[in-house]
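Q: Assemble the whole structure, with the sequences as input and the hints as a guide.
So for the sequence shown, the numbering used here puts the first residue at 446; every next one is plus one.
Honestly, the hints are just simulated from the structure, not real lab data.
Don't take each hint at face value.
Per label pair, the in silico range of CB-to-CB distance [said to hold, decoys possible]:
1) Arg580 with Asn485: 54 to 64 Å
2) Tyr475 with Gly949: 26 to 36 Å
3) Arg719 with Asn605: 42 to 52 Å
Please read these numbers as outputs of a predicted model, since none were measured by experiment.
Note that the Cβ used here is the ideal one computed from N, Cα and C, for glycine as well.
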Amino acid sequence: MLVTPRGDKQDKGRLKVSFLPFETDTSCAYGSTILEAARNSGVYLESDCNGTGTCGKCRVQVIEGRASPWTDCESDFLGAVEKKAGYRLACKAKLLTDSKVLVHCSVLCNGPAEEKTFRQHPITLDPAIQLREFRLPGPAPEVAADRIDMFLSKALGQQNLIVSESVKNQLLSGVRAGEGSFSALCRLNREVIGVEANKKRCLLGVALDIGTTTIALYLCDLTDGRILVGAAITNPQVEFGLDVLSRLAYASQNHDNASRIRARLIEAVNLLIRDRSAEIGCKPQDIVDITVVGNTVMHHIFLGLDLHSLRKAPFIPNIKEPIDIKADMIGLTAHPGAYVHVLPIQAGFVGADSMAAVISEELHLSEDHTLLMDLGTNGELIAGNRDLLFACSCATGPALEGASIKSGMRAMKGAIDRVWIDELTFAPQYRTVGDGRGQGVTPSLRPKGICGSGIIDVIAGLYKTKLIEGSGAFTKALMTSRLRNGPDGTREFLLVPAEETWTGRDIVLNQKDIRQVQLAKAALSAGFRSLMEKLGITEFQRVLIAGAFGMHIDIDNAKSIGLIPPCDRDGISFVGNAAGRGAYLSLVDKEKRLEAERVARRIQHVQLAAEPLFQHEFVNCLRFPPLA
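A: This is the structure in structure tokens:
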């Protein structure tokens, strides 16, 4: 049990901290927060607010040692029973002695995430890397090192090839070893990135989608375009804040922070590459090409670019053009000659992921007025058709992904992802991720919290049953035991009582949570209304909802609270990870890279902050629309 300090003098040297159950020991300076010590030891805790004490997600249990006095903000998230048991917010509790800290797995932020899938369509197979076989005529000749370029050009039937010294040495070694049959890895018919004696080998490519919350990787066979394995993990940068603004603030503080946040990303990608390659019996060195997409902040962090210009208006990125760079230059594990192709950026907060989504769903070729919505943390919207395209970013915040919500969590096993509220009794039924059961069936998994799609269902259900009004406020006209005042006096709806949850804490939705969702949906609604005004239309013919969150929401519930714009029900569809699919298409068909570049030049960026209509609509859209 935690004992608070009595004011006696402490040794202000290094302290030893043990994190259980990992048996991880580290040392930290006297007065370091538990969160800082955890990060240094490789134990990564949920910290959606980046250590400001406003999310309450980083609760840990100090079972031995002493820490700084209890803070007011901890009282907002931890009750008397938890306080007595030694629970603290890791971001606020400062260590004053050697300590042992118990970390429950529910507060860990690293680990697998829900795999990001996308719609499969026929593809054109024309990758940037081609495997070209050639033989030496007759006995192996003596090839002079300074004539290797000419020799390769003749053997491959391609003039003016770029050949590095390492590739020349590979060929010379093979020739001198008496080999007569070779394979060359030719990139864009301009460069030979590898030569080796003919043997059966994997020819792999990686399509990478670096999201604010999730990193998705698709490992592909470049000989036929098949996706051999796909995987997704939580972006480990969530320990520095759930949204891009928190990470920008952290990385911009000093060079060490910028290096640390980038290193966590590169480590995670390399781990994915290593594990997924091994899963199919290959090695990372078999990966000869990589395509990467992500929002502008993830793009800049990945490439190690300066971030300061993205922190203030007009949010100008350091570079917008597509980038081709050797994988080893940015620390990725792959074939020594492999390149990374990063798709172009359109604007400060309309990134390479948006360009990838457009080429995936072919908005630039469509006759129909179409809205592509990515309902993630950044809320990117792209609208138009083959004649005119507009894009904007709505900064919806993390509420729609379960963060900044009292009982919120990401869509992981144990998260409530569907909710139905009885119109007469107001009793909720729910489904959890990993359960697979539906309405009317008791869940087999004890819930840990509620994710974005479940939050939409709850709010829509509360609105339809008139437990909340159009303003978002809980009604005073109806009575139910599930409506109550929380410990801090905030009105809340009890979804699941503590005795039925995995964490032993009530799962609730309170007035502050509803307000967070209202702000997010108002930003989206005002955003797509601004784009409709630019296009001169009153409704869309098609609405495409991208992102993992979009795959789970109930369309009718989302429409009832104004999250989806006017559109025929049949015109609304889920497209999954459209950004990831765009990265994949750019991997297996090099023409898609040029297509993304042309799209980026065509799209007109709308700065919503400068749009009078947006400001007006934002205020109006805070209310929920009238029920049909």
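Q: CB of Arg580 to CB of Asn485, is that within 54 to 64 Å?
A: holds, 56 Å
Q: Would you say the C-beta atoms of Tyr475 and Gly949 sit inside 26 to 36 Å of each other?
A: holds, 33 Å
Q: In this structure, is the beta-carbon distance linking Arg719 and Asn605 contained in 42 to 52 Å?
A: violated, 36 Å
Against the hints set out earlier in the document, a violation occurs for number 3 only.
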